[in-house]
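Number of protein chains: 2
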Amino acid sequence: MDVKDLYENKEKYMGKVVTLQGWIRNHRKQKEFGFIDFHDGTYFKSCQLVYTKELSSFEAITHLHIGSAITVKGVVISSPKEGQSFEIEVKEILLEGDSPNDYPIQPKRHTREFLREVAYLRPRTNLFQAVFRIRSIASFAIHEYFQKNGYLYFHAPILTGSDCEGAGEMFQVTTLDLAKPHKNEDFQQDFFGKKANLTVSGQLQAETFALAFKKVYTFGPTFRAENSNTKTHAAEFWMIEPEIAFCDLSSLMDIEEDMLKYIISYVMEHAKEELTFCEKFVEPGLFEKLNLTLSKKAVRITHQEAVDLLKKAKKSFENEPDYLSDLATEHEKYLTSEYFHAPVFVYNWPKDIKAFYMRQNEDGKTVAAVDLLVPGAGELMGGSQREERMDVLEERMGAMNVSKEDLWWYLNLRKYGGCYHSGFGMGFERLLIYLTGVENIRDVIPYPRTPNHLEF
Amino acid sequence: MDVKDLYENKEKYMGKVVTLQGWIRNHRKQKEFGFIDFHDGTYFKSCQLVYTKELSSFEAITHLHIGSAITVKGVVISSPKEGQSFEIEVKEILLEGDSPNDYPIQPKRHTREFLREVAYLRPRTNLFQAVFRIRSIASFAIHEYFQKNGYLYFHAPILTGSDCEGAGEMFQVTTLDLAKPHKNEDFQQDFFGKKANLTVSGQLQAETFALAFKKVYTFGPTFRAENSNTKTHAAEFWMIEPEIAFCDLSSLMDIEEDMLKYIISYVMEHAKEELTFCEKFVEPGLFEKLNLTLSKKAVRITHQEAVDLLKKAKKSFENEPDYLSDLATEHEKYLTSEYFHAPVFVYNWPKDIKAFYMRQNEDGKTVAAVDLLVPGAGELMGGSQREERMDVLEERMGAMNVSKEDLWWYLNLRKYGGCYHSGFGMGFERLLIYLTGVENIRDVIPYPRTPNHLEF
Chain A
695 MDVKDLYENK
705 EKYMGKVVTL
715 QGWIRNHRKQ
725 KEFGFIDFHD
735 GTYFKSCQLV
745 YTKELSSFEA
755 ITHLHIGSAI
765 TVKGVVISSP
775 KEGQSFEIEV
785 KEILLEGDSP
795 NDYPIQPKRH
805 TREFLREVAY
815 LRPRTNLFQA
825 VFRIRSIASF
835 AIHEYFQKNG
845 YLYFHAPILT
855 GSDCEGAGEM
865 FQVTTLDLAK
875 PHKNEDFQQD
885 FFGKKANLTV
895 SGQLQAETFA
905 LAFKKVYTFG
915 PTFRAENSNT
925 KTHAAEFWMI
935 EPEIAFCDLS
945 SLMDIEEDML
955 KYIISYVMEH
965 AKEELTFCEK
975 FVEPGLFEKL
985 NLTLSKKAVR
995 ITHQEAVDLL
1005 KKAKKSFENE
1015 PDYLSDLATE
1025 HEKYLTSEYF
1035 HAPVFVYNWP
1045 KDIKAFYMRQ
1055 NEDGKTVAAV
1065 DLLVPGAGEL
1075 MGGSQREERM
1085 DVLEERMGAM
1095 NVSKEDLWWY
1105 LNLRKYGGCY
1115 HSGFGMGFER
1125 LLIYLTGVEN
1135 IRDVIPYPRT
1145 PNHLEF
Chain B
695 MDVKDLYENK
705 EKYMGKVVTL
715 QGWIRNHRKQ
725 KEFGFIDFHD
735 GTYFKSCQLV
745 YTKELSSFEA
755 ITHLHIGSAI
765 TVKGVVISSP
775 KEGQSFEIEV
785 KEILLEGDSP
795 NDYPIQPKRH
805 TREFLREVAY
815 LRPRTNLFQA
825 VFRIRSIASF
835 AIHEYFQKNG
845 YLYFHAPILT
855 GSDCEGAGEM
865 FQVTTLDLAK
875 PHKNEDFQQD
885 FFGKKANLTV
895 SGQLQAETFA
905 LAFKKVYTFG
915 PTFRAENSNT
925 KTHAAEFWMI
935 EPEIAFCDLS
945 SLMDIEEDML
955 KYIISYVMEH
965 AKEELTFCEK
975 FVEPGLFEKL
985 NLTLSKKAVR
995 ITHQEAVDLL
1005 KKAKKSFENE
1015 PDYLSDLATE
1025 HEKYLTSEYF
1035 HAPVFVYNWP
1045 KDIKAFYMRQ
1055 NEDGKTVAAV
1065 DLLVPGAGEL
1075 MGGSQREERM
1085 DVLEERMGAM
1095 NVSKEDLWWY
1105 LNLRKYGGCY
1115 HSGFGMGFER
1125 LLIYLTGVEN
1135 IRDVIPYPRT
1145 PNHLEF
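Heads up: the protein sequence lines correspond to chains A and B, in order.
Going by this note's numbering, the first residue of the first sequence is number 695, and it counts up by one from there.
Going by this note's numbering, the first residue of the second sequence is number 695, and it counts up by one from there.
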């Protein structure tokens, strides 16, 4: 049985003999008895095994190593230890797999840098048990939110023949022999008969499905070959990209806020132990931060209003707030954590710093784009109403050098029963950084891929 | 509001004015009135709009094109038409987006080949509404099954530095300039400082997480650069790969069967209309096939027993059944559909035709591998107990030319608290082919990638 089951039904098992299988986290031996900190990975908390000299196998048990896999048979008894409701009085332990004295994961504090080097073992630590469990739970919360609300899960293609989304550098994918030089026409011999890349976003394809299913979302890996070694960049990361037909910018903001609150509530309910650990050891104030987002109605201001506020702020910023530029992290922080104390939607952005597919506003200067900023994490989602007017879209693609030939099908959506529609993207790891307080994206991805790092 | 809501709560809306937004599927005009077959993508069935000459906009409405996007305001009334419980008496229609007369999706039968060419529009047809809705619903069923049963959702890396899993040809991923020839040492200048590939399976990494969380599953894209143009091969497809610690081959079969039955039940409950369509237009007998799998306990026989049965069969096979070879499709068919009339687990396979990580049996000849064959679809899942004995695994890797250097971390799992464990893989598209009766993998993937095909 699982330790999870034991924790959730401890009354039922009290006094009963149970069989558990898992790993030794810690082992303290005394002359007459010993304690094993036992963990089976199904529950965040571990479970204490107690054994005494009365067992004929006492001597053998005392020699069990940290890290070993065991099968234990024992009686569930109430525990005298404070804050621990039960423990297991060992009857029998079977060693399934030994672990040597130089086992890398010892019951002590390891640096996150060291743990990245043994990424295949780090899920055996408390921090990564918490982080990856939250990753799994948050994933499900996202699926459940959209499925409950009638969205179709759309698997966007990973391999793409287009390189025009312009969201950053792309990885090339090929089966050609790299030992040889290749001319453009050589790609006719490549697997797909042309150049192929890894997707940077499934949005454009998601739009095609939104115009058939009304409400769709993607949840899959995306890639950027950006050579940057920051805490927030990885070459491979997961994105959620909902796309909704007959939805304007204001309704989009409603959906973003509703979804975020659903995820936070779900994770707070289903990962209590894990969040408590994060609050204690990763980000003091985590619950307060999450509760703030949960309880406050998000503020909605235009980019212009945001810059007005920043200019009026009695505060000197390193970056001068500017009506034609993006907000800097310090600006986002000021708006969410100092001025509004709430999540903030900033909408109607200057068109020249935004993508070609965003809908132009009547002023001719801005587009119906929106960023959601949250206290303690900055930008969490970015979305927009999409340009549904064929002529405006074509003009914009021309001006921004986006290939109309490659995107003939995307353009055609505007010809065949097009309608106003909107969508947004949320980086899943950014959400996890927000939910756990862990600062480095390398620590919320099982096997992170960054420049010069492709281990495991 | 959504048509789905209307169908599910029709009593509530009867006699009320509602506003719907969606697309015109078909349009039949008469002198005094007209009918619009209206679809908004939230429900499989469409909804009939009726308008009469009494409307001042009658003339304008008669000119609405098939494919157009509209907003309609009307009253929900009971329908005189057989098999249709309600219709909408139009008060007002707003044209959101027109569609030309040469709109490719007309209310007639299109060939699947043609629809692949307009893959960005095919989700607007009944068949692809059914297929992609089942795809979404089955995805959720899989997540729900594993989350309910305490599994951790593990995002396996897509980019990998290893090419040793041996499951087929791999795609190379690079940021190097392909116009130039590259020596091996040039890859130090590549994005990851070494050669990179797209994953063919997340299993080996999933094992590392199973030895920390006990029960994990992956659900993500995998890739094969196999130059084969069959109905069942795609270069990009989604896989589910559960991996369970302290699980032997017999328990693994329990899990596979339990999961499959859960998915089938869930889809039958949540995609009734869609399956009914598939039964009618795609695979007559679909429900019978699914119910057979659902109601029968799967048979379990060894590979040797399977070959015995085939040899004894009063039937001539094109492929001679052989104790040392894989089963052919005709063999699978005989076992499931003619002999047992049930799903069949075939286990204990000859080791020489199976992968290096499968656990060797005591006989020295077979491995603890298992394939699940289902009536009407052949092999649906493949799994095995994993070799947990370091020396046996190393010997096997040596014999099969698998690099121990690349997989040092995989080997180490056997050193640091290893335990008996098992896992299986299920191709998601293979499941969909089984669930829908659609025969070609190109028709269950939104944007299929196959040799020389990388459109959209």
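Derived by calculation from the structure, the hints in this document are not laboratory data.
Just so you know, not all the hints are guaranteed correct.
[What the hints assert, rightly or not] Taking CB as the label site, the calculated pair distances span:
#, chain 1, residue 1, chain 2, residue 2, range
1, B, Ser1097, A, Glu811, 18 to 24 Å
2, B, Thr713, A, Lys1098, 45 to 51 Å
3, B, Ser773, A, Asp1046, 35 to 41 Å
4, B, Val1086, A, Ser773, 14 to 20 Å
5, B, Lys888, A, Lys1009, 54 to 60 Å
6, A, Glu1032, B, Lys767, 43 to 49 Å
7, A, Ala1007, B, His757, 40 to 46 Å
Beta carbons: idealized from backbone N, C-alpha and C, even for Gly.
Do the hints match the structure? See the list:
| no. | hint | verdict |
| --- | --- | --- |
| 1 | B:Ser1097 - A:Glu811: 18 to 24 Å | holds (20 Å) |
| 2 | B:Thr713 - A:Lys1098: 45 to 51 Å | violated (35 Å) |
| 3 | B:Ser773 - A:Asp1046: 35 to 41 Å | violated (53 Å) |
| 4 | B:Val1086 - A:Ser773: 14 to 20 Å | violated (41 Å) |
| 5 | B:Lys888 - A:Lys1009: 54 to 60 Å | violated (46 Å) |
| 6 | A:Glu1032 - B:Lys767: 43 to 49 Å | holds (46 Å) |
| 7 | A:Ala1007 - B:His757: 40 to 46 Å | violated (56 Å) |
Consistency with the previously given hints fails for numbers 2, 3, 4, 5, 7, ordered from lowest to highest.
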